[in-house]
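Undergrad: Residues per chain, in single letters:
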Amino acid sequence: VTDVVLNADAIARLIPHRYPFLLLDRVVALSPGMSAEAIKNISVSDGMLAGHFPGRMLYPGVLLIECIAQLAAVIYGTEAQRDTGAGDAEVTDRVGYLAEVRQAKFFRPVYPGDQLIVTAHSGPRVGGLISVSGRISVDRDVVMTARLAVSQRPEQT
Amino acid sequence: MTMTLEAVRTHAKVRKQLCGQVKKLLVDRLELEVDPEMIGDDQPLFGRGLELDSIDTLELAVAVQEELGVSITDDDNDCLLSLNRLVDHIEANR
Numbered sequence: 009v010t011d012v013v014l015n016a017d018a019i020a021r022l023i024p025h026r027y028p029f030l031l032l033d034r035v036v037a038l039s040p041g042m043s044a045e046a047i048k049n050i051s052v053s054d055g056m057l058a059g060h061f062p063g064r065m066l067y068p069g070v071l072l073i074e075c076i077a078q079l080a081a082v083i084y085g086t087e088a089q090r091d092t093g094a095g096d097a098e099v100t101d102r103v104g105y106l107a108e109v110r111q112a113k114f115f116r117p118v119y120p121g122d123q124l125i126v127t128a129h130s131g132p133r134v135g136g137l138i139s140v141s142g143r144i145s146v147d148r149d150v151v152m153t154a155r156l157a158v159s160q161r162p163e164q165t
Numbered sequence: 003m004t005m006t007l008e009a010v011r012t013h014a015k016v017r018k019q020l021c022g023q024v025k026k027l028l029v030d031r032l033e034l035e036v037d038p039e040m041i042g043d044d045q046p047l048f049g050r051g052l053e054l055d056s057i058d059t060l061e062l063a064v065a066v067q068e069e070l071g072v073s074i075t076d077d078d079n080d081c082l083l084s085l086n087r088l089v090d091h092i093e094a095n096r
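From first to last, the protein sequence lines are chains E and L. FYI, this note's numbering numbers position 84 of the first sequence as 92, with every residue one higher than the one before it. FYI, this note's numbering numbers position 86 of the second sequence as 88, with every residue one higher than the one before it.
Keep in mind that the hints were calculated from the coordinates and are not lab data. Cβ atoms here follow ideal geometry from the backbone N, Cα and C, with glycine treated the same way.
Taking beta-carbon pairs under 7 Å as the criterion, some of the chain E residues facing chain L (in silico):
1) 107
2) 108
3) 131
4) 132
5) 134
6) 135
7) 137
8) 139
9) 157
Residues of chain E placed beyond 10 Å of chain L at every Cβ, according to the derived structure:
10) 15
11) 24
12) 39
13) 57
14) 89
15) 93
16) 117
17) 145
18) 147
Bound conformation, chain E alone (with noise of 0.2 Å):
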């Protein structure tokens, strides 16, 4: 049993993916603007493993790419708050955006019943663009590593 730092509700609080792409089910460890560590359960529920693949359902590799993404969103987001004292909607509003995939590799392919641990690590910050590792795991096995660069702040439009 590990520790709940943030519920489902409370990520969809301070990110604003919405069902069917709110992928992230709980976060277990948390260091506001360094790191984080999270649980994703894959169900045969999930909808999109109906069309990925009929037959043979597996994980898209690239939603495995969106909950690091996402994961890093929960990561800068608890950092705003902590630093400015924003709220819930603010940071939601000023979530960054993807900016790059480098080096993702997909070490297995990810099945209903697997149980993801998805970890990401914070790295240098320069022209408003962060450097993000992830990595996830079923049981002891890597199934994914990735690097990203995400963007800091999007211009308002």
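Model the placement of chain L on the given structure of chain E, informed by the hints.
TA: For chain L alone, kept in the frame of chain E given last:
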């Protein structure tokens, strides 16, 4: 402070090595299609120089941090103007 000729020569040699190392780092990490030795020490990194973009800059900061142990933040923006400036920054901070 006055340097002896020997010290100047040693410094120049170390500097040249570091420049070569950074050029190789640039080409390897940003997957540039140029020969590292063809990059001039005064060559701008952006615009008409190596034509890097802001996303490359971030990767460069990651690479310099990982391989040389020197961090680059927004306060060090000038060091990204040219290869020489970048090497100055690395020399001063490692």
